[in-house]
Structure formats: C-alpha cells, structure tokens
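So in my numbering, spot 183 of the sequence shown is number 183, and the numbers just go up one at a time.
Please note: incorrect hints may appear among the correct ones.
[Said to hold, decoys possible] Taking lysine to any residue and the SDA-like style, the derived pairs with C-alpha atoms no more than 25 Å apart in a straight line are:
| hint | residue 1 | residue 2 |
| --- | --- | --- |
| 1 | Lys-134 | Gln-113 |
| 2 | Lys-282 | Phe-297 |
| 3 | Lys-171 | Leu-186 |
| 4 | Lys-204 | Val-224 |
| 5 | Lys-177 | Lys-247 |
| 6 | Lys-108 | Val-89 |
| 7 | Lys-317 | Lys-303 |
| 8 | Lys-282 | Asp-268 |
| 9 | Lys-303 | Arg-292 |
| 10 | Lys-275 | Lys-303 |
| 11 | Lys-314 | Asp-324 |
| 12 | Lys-116 | Pro-164 |
| 13 | Lys-167 | Asn-131 |
| 14 | Lys-167 | Lys-177 |
| 15 | Lys-247 | Leu-182 |
| 16 | Lys-116 | Lys-172 |
| 17 | Lys-167 | His-184 |
| 18 | Lys-126 | Phe-103 |
| 19 | Lys-172 | Tyr-215 |
| 20 | Lys-177 | Ser-243 |
| 21 | Lys-344 | Leu-332 |
| 22 | Lys-116 | Pro-98 |
| 23 | Lys-116 | Val-94 |
Honestly, the hints are just simulated from the structure, not real lab data. Small disclaimer: the values here were computed from a predicted structure and weren't measured.
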Amino acid sequence: MVSFGSGTTSRSGDSERTLHIVKYTKLDRSHDLNHVHFPFTMAKIFTPPLTYSTYQPMTSILRAVAGVARAIPRRFVHHKMSPKDYPKVNVADVDLNPPKYGFRRERKPLLSQLVKDTLFPAVAIKELYKNEGKPVPMKFRGNNDEVARRNYERFQEEVAMGLPHFKVGNKKVYLPKARVILLHPLARHTPYQARFLVPRNFNKLDLRDYLWHVYGLRALNVTVQLTPRVWKRRQNDFARHRSRQLKIMTIDMEEPFVWPKLPEKAQDMGYTRMKEQLEYSKRLMGKSDAERPVDAFDGIFNKTELPNTFVSAKSQKVLKEKVDAMVAKEELAIDRRKVAQFLKL
Numbered sequence: 001m002v003s004f005g006s007g008t009t010s011r012s013g014d015s016e017r018t019l020h021i022v023k024y025t026k027l028d029r030s031h032d033l034n035h036v037h038f039p040f041t042m043a044k045i046f047t048p049p050l051t052y053s054t055y056q057p058m059t060s061i062l063r064a065v066a067g068v069a070r071a072i073p074r075r076f077v078h079h080k081m082s083p084k085d086y087p088k089v090n091v092a093d094v095d096l097n098p099p100k101y102g103f104r105r106e107r108k109p110l111l112s113q114l115v116k117d118t119l120f121p122a123v124a125i126k127e128l129y130k131n132e133g134k135p136v137p138m139k140f141r142g143n144n145d146e147v148a149r150r151n152y153e154r155f156q157e158e159v160a161m162g163l164p165h166f167k168v169g170n171k172k173v174y175l176p177k178a179r180v181i182l183l184h185p186l187a188r189h190t191p192y193q194a195r196f197l198v199p200r201n202f203n204k205l206d207l208r209d210y211l212w213h214v215y216g217l218r219a220l221n222v223t224v225q226l227t228p229r230v231w232k233r234r235q236n237d238f239a240r241h242r243s244r245q246l247k248i249m250t251i252d253m254e255e256p257f258v259w260p261k262l263p264e265k266a267q268d269m270g271y272t273r274m275k276e277q278l279e280y281s282k283r284l285m286g287k288s289d290a291e292r293p294v295d296a297f298d299g300i301f302n303k304t305e306l307p308n309t310f311v312s313a314k315s316q317k318v319l320k321e322k323v324d325a326m327v328a329k330e331e332l333a334i335d336r337r338k339v340a341q342f343l344k345l
C-alpha cells in the first residue's frame, strides 16, 4: 500500500512545503516505516536532489513523482504571456499600415521587355541580345515570328482581293443538308466572336467552308465544344436516359457583330401571355372556381351564354307596339339606302 501526505519543514528561516512518500510493507503491519523526503519550493524555482533515509532503491512511483516535481516549474509549450509581461514599445515607432512596395530591390528591365509597339517582337529582341553579347533565350531563337509575319501579310492581301484566306476543298456540295444555327453569345465572348450549333459530324473545316461560300463570312479561328450527356428523368418515367450531345463551334471574326435587341412588342406579348396564363390557372386550382368566368385570352375558355327567349304574355302586350315600330323603322332605313344606292345619290 502506498499513500501520500504533506508536511512542513524549515530551511534558512523560510516555510517550505515538503511531500512525504510513505511506504508500508505488506507482510509487517508494524510502525517500521521507510520515509523518503524531498522538498519542493513553490516560491522559488528550486528542486534539490532527492535524499534517501533508508537503503531501499528508488521505485517507479518515486521516479514518476520526481519527474513531475521537476517539470512543474518549467514553461509549457502552449504558454500564453500575460499582458503585464508584454514588451514595452513606443506608439510612435509602430507603423500600423506598412507599405507594400519599396522594400524589394529594383531590378533593371530585361532586354525582352524593352521592345514594345510591335506585332512580331521576336526578331527585334533577338537583335538586342546579339548586340549586347548575351545568349538569346530559347523562346526567341526560332523563326515563328517570321512565319507569322509572312502569313499575316498574305492574309491582308487575300482580304483586299476578296479571296478566301484558306485552302478551298475540291468536293462541291450544291445543296448542303447541315443545319447551322446561330446562338446568342455568352458573357465571356466578345463582339468579335460568334457561336453556332452544328451537327456532330461537322468539323472545323466544314464550318469555315460553309460560312465562306454561303454567307461570305471569314472564320479566322474555330474552336469546338461538346456538351456532356447528362442523365435525365421525366416526371412520370421510372427509368432515366441520357440527353443528346450537342456540338457548338465558336469562331473569331474580323468585324464585330452585336445581336439586335428584342422589340418592345415581343416583350409585351410575352408578358401579356404569361399574365393571362396565370389568370387562367386560377380556374383550375379549385372546384369552386370551375364555373367562374375568366377574362384571359379574350374569354375563349368561358362557356357560351344562351339567350333567354322566354317572354311573358303581359310583357308581350306592352312591348308589341314598340317592337313593331322599331322593325318598321329599320325596314324603312334599309329601303332608303337601297334607293340611294340605285340612284347614286
């Protein structure tokens, strides 16, 4: 059995707390105790070596308690400094908004950055590096700009002469069956770009040739987008199916094209139709409104109202003279119009 207790001792006039570890033997219950004392000062960071009063060696429990006693005065890893221990700094020396520039070393611009205001800068950059006696970078060693300049000049000549800017195919199609649909541009497209919905067996060369021969439109660059086939399920279907794949091509043009705005008449028509559909849907919401007349769509969904032909005998006697007078007056007016038409009056 092992028990822990505490007591007080005096050293150099100071009161210190001492931890007593008392070990009892299991066989002998007498007062023969083996005491081990080691002082631990809370006020000072001081841990003296352990002293043994008996000949018995240190057990594992004693080693654990000694390790805890030595570790308590040390600073832990997650130490938080209290505000009173913060370093004292003058407020005038602290810059709350330090500048984001000016602290880096300013370097001279590269030779490739000096060439500006040119469409094909590789040739001029190559000459600069050679004049300075420096090796030319790899991306400026080729003749890509020379080929690009030659193609650009040839393109300008073909545009001026009204010739196609590409090699025309040899196969002639007089009645093309392909359906090419112009689509509205997206937000990322510029006025110099146009989108077309084309068949899936169409390629870039077909679209470029089609637009040139049918509309006289130059497709400078053609890109293709294939929409993914998404799984769909209708409202009353238990099985799902894939939607058909669409092929959309985007071309670059030499002149901008802006879609015309929708006419106000078409906008008003759409708004009016939506309003009438909402009005008619109220009739289908409940059985109590099934017979209610609706003004939507000029009342074509309302039931026809039959005239009430019943007239009482008393009303016939009172109104007979008035009806006869009105009929005679109407017949007289018809006769006069016929006579005037015959005599051309």
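Hints, one by one, checked against the model:
1. Lys-134 <-> Gln-113: holds (15 Å)
2. Lys-282 <-> Phe-297: holds (14 Å)
3. Lys-171 <-> Leu-186: violated (34 Å)
4. Lys-204 <-> Val-224: Distance ~8 Å between Lys-204 and Val-224 Cα, so the pair holds.
5. Lys-177 <-> Lys-247: Since the Cα atoms of Lys-177 and Lys-247 sit roughly 16 Å apart, the hinted pair holds (cutoff 25 Å).
6. Lys-108 <-> Val-89: violated (39 Å)
7. Lys-317 <-> Lys-303: Violated, at roughly 33 Å.
8. Lys-282 <-> Asp-268: With a Cα-Cα distance of about 22 Å, the restraint between Lys-282 and Asp-268 holds, given a limit of 25 Å.
9. Lys-303 <-> Arg-292: The hint holds at about 10 Å.
10. Lys-275 <-> Lys-303: holds (21 Å)
11. Lys-314 <-> Asp-324: OK: Lys-314 and Asp-324 at ~16 Å, within 25 Å.
12. Lys-116 <-> Pro-164: Roughly 32 Å separates the two Cα atoms, so the pair is violated.
13. Lys-167 <-> Asn-131: Violated. Lys-167 to Asn-131 sits at ~41 Å, over the 25 Å cutoff.
14. Lys-167 <-> Lys-177: Given pair Lys-167, Lys-177 holds - Cα atoms ~22 Å apart, limit 25 Å.
15. Lys-247 <-> Leu-182: Holds, because 12 Å separates the two Cα atoms, which is no more than 25 Å.
16. Lys-116 <-> Lys-172: violated (46 Å)
17. Lys-167 <-> His-184: This hinted pair is violated, its Cα atoms lying about 29 Å apart.
18. Lys-126 <-> Phe-103: violated (33 Å)
19. Lys-172 <-> Tyr-215: holds (16 Å)
20. Lys-177 <-> Ser-243: Judged against 25 Å, a Cα distance of about 23 Å means the pair holds.
21. Lys-344 <-> Leu-332: holds (18 Å)
22. Lys-116 <-> Pro-98: violated (34 Å)
23. Lys-116 <-> Val-94: Given pair Lys-116, Val-94 is violated - Cα atoms ~43 Å apart, limit 25 Å.
Hint violations for this structure: numbers 3, 6, 7, 12, 13, 16, 17, 18, 22, 23, all remaining hints satisfied.
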